[in-house]
Amino acid sequence: MQNQNRVVRIVAYALILLSVIWIAVRFYVNKGGVDLTPGHKYQVTYEFEMRGEGDYWVNTYLPITSPRQTVEVISSTGPVHGVMSLHGENKIMRWAGSLFGVSTIHHSFTHEGRDIEFSIDSTLQYLPVFDLALGPELKATEYIQTDHPKITRLSAELTQGKESLLTRLRALYDFVYEIPAIATSELTDALTTLEQYEASCNGKSRLLAALCRNQRIPTRLVGGLILEEGRKKTSHLWTEVYVEGLWVPMDALNGHFASLPAHYLELYRGDEFLITRRGGIEFDYIYDIQRERVNHYPELAVLDLWSVIDEADIPHDMLQMLLLLPLGAFLVSVCKNVIGVKTFGVFLPVLVSLALIQTGLVSGLVLFTSIVIVVALFSFPLEKWGIQYTSKIALMLIAVVLTSLFGINLLHSTQWLDASAPLFFPIIILTIISERFAKKVEEEGVKMAMNLYIQTIAVTLFIYFILSSAIIQHFVMTFPESILTLAGLNLLLGKWIGLRLTEYHRFYQVTNA
Amino acid sequence: MWKRIIKTIRNTDQQVMGMNQRNLELIYPNNARRYYKYADDKCLAKEIMEGKGVKCPKTYGVVEKIGEIEAVWQMVSQWPMLVVKPAKGAGGKGILILKREGEQWMKGDKPISESHIFTHIANIIFGVFSFGDDDRALIEEYVVPHEFFAEIYASGVPDFRIILLKGVPVMGMLRMPTARSGGKANLHQGGLGIGVDMQTGRLKYAYDGKQHLAVHPDSGRDILNKPVPHWKELLALSIQTALEFPLDYLGVDLVMDKAKGPMVMEVNVRPGLGIQLANQQGMKEALNKIDIS
Numbered sequence: 001m002q003n004q005n006r007v008v009r010i011v012a013y014a015l016i017l018l019s020v021i022w023i024a025v026r027f028y029v030n031k032g033g034v035d036l037t038p039g040h041k042y043q044v045t046y047e048f049e050m051r052g053e054g055d056y057w058v059n060t061y062l063p064i065t066s067p068r069q070t071v072e073v074i075s076s077t078g079p080v081h082g083v084m085s086l087h088g089e090n091k092i093m094r095w096a097g098s099l100f101g102v103s104t105i106h107h108s109f110t111h112e113g114r115d116i117e118f119s120i121d122s123t124l125q126y127l128p129v130f131d132l133a134l135g136p137e138l139k140a141t142e143y144i145q146t147d148h149p150k151i152t153r154l155s156a157e158l159t160q161g162k163e164s165l166l167t168r169l170r171a172l173y174d175f176v177y178e179i180p181a182i183a184t185s186e187l188t189d190a191l192t193t194l195e196q197y198e199a200s201c202n203g204k205s206r207l208l209a210a211l212c213r214n215q216r217i218p219t220r221l222v223g224g225l226i227l228e229e230g231r232k233k234t235s236h237l238w239t240e241v242y243v244e245g246l247w248v249p250m251d252a253l254n255g256h257f258a259s260l261p262a263h264y265l266e267l268y269r270g271d272e273f274l275i276t277r278r279g280g281i282e283f284d285y286i287y288d289i290q291r292e293r294v295n296h297y298p299e300l301a302v303l304d305l306w307s308v309i310d311e312a313d314i315p316h317d318m319l320q321m322l323l324l325l326p327l328g329a330f331l332v333s334v335c336k337n338v339i340g341v342k343t344f345g346v347f348l349p350v351l352v353s354l355a356l357i358q359t360g361l362v363s364g365l366v367l368f369t370s371i372v373i374v375v376a377l378f379s380f381p382l383e384k385w386g387i388q389y390t391s392k393i394a395l396m397l398i399a400v401v402l403t404s405l406f407g408i409n410l411l412h413s414t415q416w417l418d419a420s421a422p423l424f425f426p427i428i429i430l431t432i433i434s435e436r437f438a439k440k441v442e443e444e445g446v447k448m449a450m451n452l453y454i455q456t457i458a459v460t461l462f463i464y465f466i467l468s469s470a471i472i473q474h475f476v477m478t479f480p481e482s483i484l485t486l487a488g489l490n491l492l493l494g495k496w497i498g499l500r501l502t503e504y505h506r507f508y509q510v511t512n513a
Numbered sequence: 001m002w003k004r005i006i007k008t009i010r011n012t013d014q015q016v017m018g019m020n021q022r023n024l025e026l027i028y029p030n031n032a033r034r035y036y037k038y039a040d041d042k043c044l045a046k047e048i049m050e051g052k053g054v055k056c057p058k059t060y061g062v063v064e065k066i067g068e069i070e071a072v073w074q075m076v077s078q079w080p081m082l083v084v085k086p087a088k089g090a091g092g093k094g095i096l097i098l099k100r101e102g103e104q105w106m107k108g109d110k111p112i113s114e115s116h117i118f119t120h121i122a123n124i125i126f127g128v129f130s131f132g133d134d135d136r137a138l139i140e141e142y143v144v145p146h147e148f149f150a151e152i153y154a155s156g157v158p159d160f161r162i163i164l165l166k167g168v169p170v171m172g173m174l175r176m177p178t179a180r181s182g183g184k185a186n187l188h189q190g191g192l193g194i195g196v197d198m199q200t201g202r203l204k205y206a207y208d209g210k211q212h213l214a215v216h217p218d219s220g221r222d223i224l225n226k227p228v229p230h231w232k233e234l235l236a237l238s239i240q241t242a243l244e245f246p247l248d249y250l251g252v253d254l255v256m257d258k259a260k261g262p263m264v265m266e267v268n269v270r271p272g273l274g275i276q277l278a279n280q281q282g283m284k285e286a287l288n289k290i291d292i293s
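One line per chain: the protein sequences are A and B, in this order.
Each residue of the first sequence is one higher than the one before, starting from 1 at the first, in our numbering.
Each residue of the second sequence is one higher than the one before, starting from 1 at the first, in our numbering.
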């Protein structure tokens, strides 16, 4: 037996060491972006198509790397080379030439953004700004009618009695945010937005700028794209206000006050048009946006699951669940053999916690618990009437299905449960746990079964919190080698002969005699 | 205070056998899984015991199929008292104790009709008491508790549990019902576990799941230091059983009949660890004291 133990230990250490070293090597070899949180990186391609005969020119803005976005050009192809120039703070690309027939321009770059959030000091006093250097950001323009009486009146009304800059900005922002949003690509100016009391991003941004500038708070417009996988034509416009030397973003359409999400691609500042071109030729454009994996470590991967997902179109959820199973099972065996918690089976708590990830924590727990209670109540008459075991389980399944139907209905109507949540898997798990529960009720009574259920739920919650962590999920997907580490740990645990924590409590009286 | 806690933890570590160690060092290496059935199925266990001449309650009959119920019943109903039990039942479930008064069968104080008895036997065969597995109904001799037990507490059926490793007795206890346990002697169900000194055969303190008592909580009669009659015979019987079964680590459950003395009721491949609490002695310590060749 000693010999056998040594073999097990050697195999276990080999498994752990091998996989840990492998993971470390992959970390080392795959340089760049060692970030296990799900990041935002996109590849953006401008696709312009021109048709006709004659001279043409097309101007568009290119993004600039800043503290909140990193931009790298990948390629630029077209009938002629684009010419880049700086125009104030913006970078413009210009393609010009003569056209015969159809010509296309493709310009691709990657964008990696970061969420930013500002907190404006609430004690900061509002002071009108009269800085000449900020002239353009305070001025009225054709579309931002800062000095119009209606704007002036509204701006004064909204900010009345508000001493601090923060409360003033909030009041102006909130007013614009409340304006109903509509989807239109029409240019809407500040005044029209106010009069029609509905607008898209550009109208809202101009109105917010007009209201702020009226208070002599320097405000500028920022144009760009909201990045999401797909192809689109819609660009986006938001606002930045000047606070203590910093430009603070505000998106009164999508509700970002003093913050901006990572997937906002910033292209230009000012009230400009993203694309300008010479008339007389047919022109079409589209922005092609593809999400890229930030934490992709393809070098030396035993199995590059991310590419499997991308290429073979295998559902991400399914692979992820598969990979989380071994980790969950290991955690259960730690709970059982080291702590001494008792659960319904080894896999059940893992499966239940995976089911909870799908249903959501609260609604899942409500559903599980109500089903277990129904099963417990059912078991009394069935036991009393002496119903045969198999039939009893079949009857309890009917109770489970009925409870699920009512439960799901109830949870949907209270909106606790996402209507699209996939419930097939959770329901299967439910039927299994209720069978185990019913069996336990019969074997050892409701009290013992309830006790076991509570311990099972405690273990389930513990596993749920670990398995639902995005970092863990990404880790196992990126480094499936970690399964071998778990195999090694399981082997060691399987040979561990120490007392379980609960056994100290159970047996301390043995020696205290 | 901390010192005492650390000392208790260290002592517990050194003396007490936990579930992990029991499984890895006692059960797995000593009991091959293919032999578990001899312990889990009471009919198979009795076949071995009766075949090898181990003293046990006499088997009156075994019902394997529904169609056999009446024929077997004809054979066994001549006995004035009998016990019907599922071969694979656990925790005392499905056990029916029957007493005949003239032509009328009684279950406790209440009369029970033959058709009720047949239904019960059919339920056993259907697996009602053994989780859907097909089962057999075992009909055997009723063991009249020895008057020694009544000197402590007069109701229920107490039994002895002796744990043996490779045929050597390691620890023993007497399991005795209380008012709380409703006639059952199981520790989980509120019964008492009373440690037995293996050398002298005298009872130690009784453990009720919370504390150690010197007297029975219901009757108030003395337990501590009471000598167990036929102790040597109980030990010898447990050793004989251990040697006849292909299992090297097992718990032997023995009863003591008023007239016939000690008899083996059943054997267990996974005897519980609560016996350590009943004896106030760790099993590691007990194993150190015995000589296993």
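Note that these hints are calculated values from the structure, not bench results.
Where hints are given, some of them may not hold.
To be verified - One side only, chain B facing chain A, incomplete, derived with CB under 10 Å:
1. Leu24
2. Ala32
3. Lys93
4. Ile97
5. Ser115
6. Thr119
7. Ser130
8. Thr200
9. Ser219
None of the values given here were measured: they were computed from a predicted structure.
In this text, a Cβ means the ideal position worked out from N, Cα and C, and glycines have one as well.
Hint check results:
1. Leu24: For Leu24 of chain B, the interface hint holds, since the closest Cβ of chain A sits about 5 Å away, which is under 10 Å.
2. Ala32: For Ala32 of chain B, the interface hint is violated, since the closest Cβ of chain A sits about 15 Å away, which is over 10 Å.
3. Lys93: Hint on Lys93 of chain B: holds, closest Cβ of chain A at ~8 Å, below 10 Å.
4. Ile97: Nearest chain A Cβ about 18 Å off; hint violated.
5. Ser115: violated, 14 Å
6. Thr119: Since the shortest Cβ distance to chain A is 8 Å, the answer is holds.
7. Ser130: Result: holds, 8 Å to nearest chain A Cβ.
8. Thr200: Status violated, d = 17 Å.
9. Ser219: Cβ of Ser219 of chain B sits 24 Å from chain A, so the hint is violated.
Checked against the numbered hints given earlier, the structure breaks hints 2, 4, 5, 8 and 9 and satisfies all the rest.
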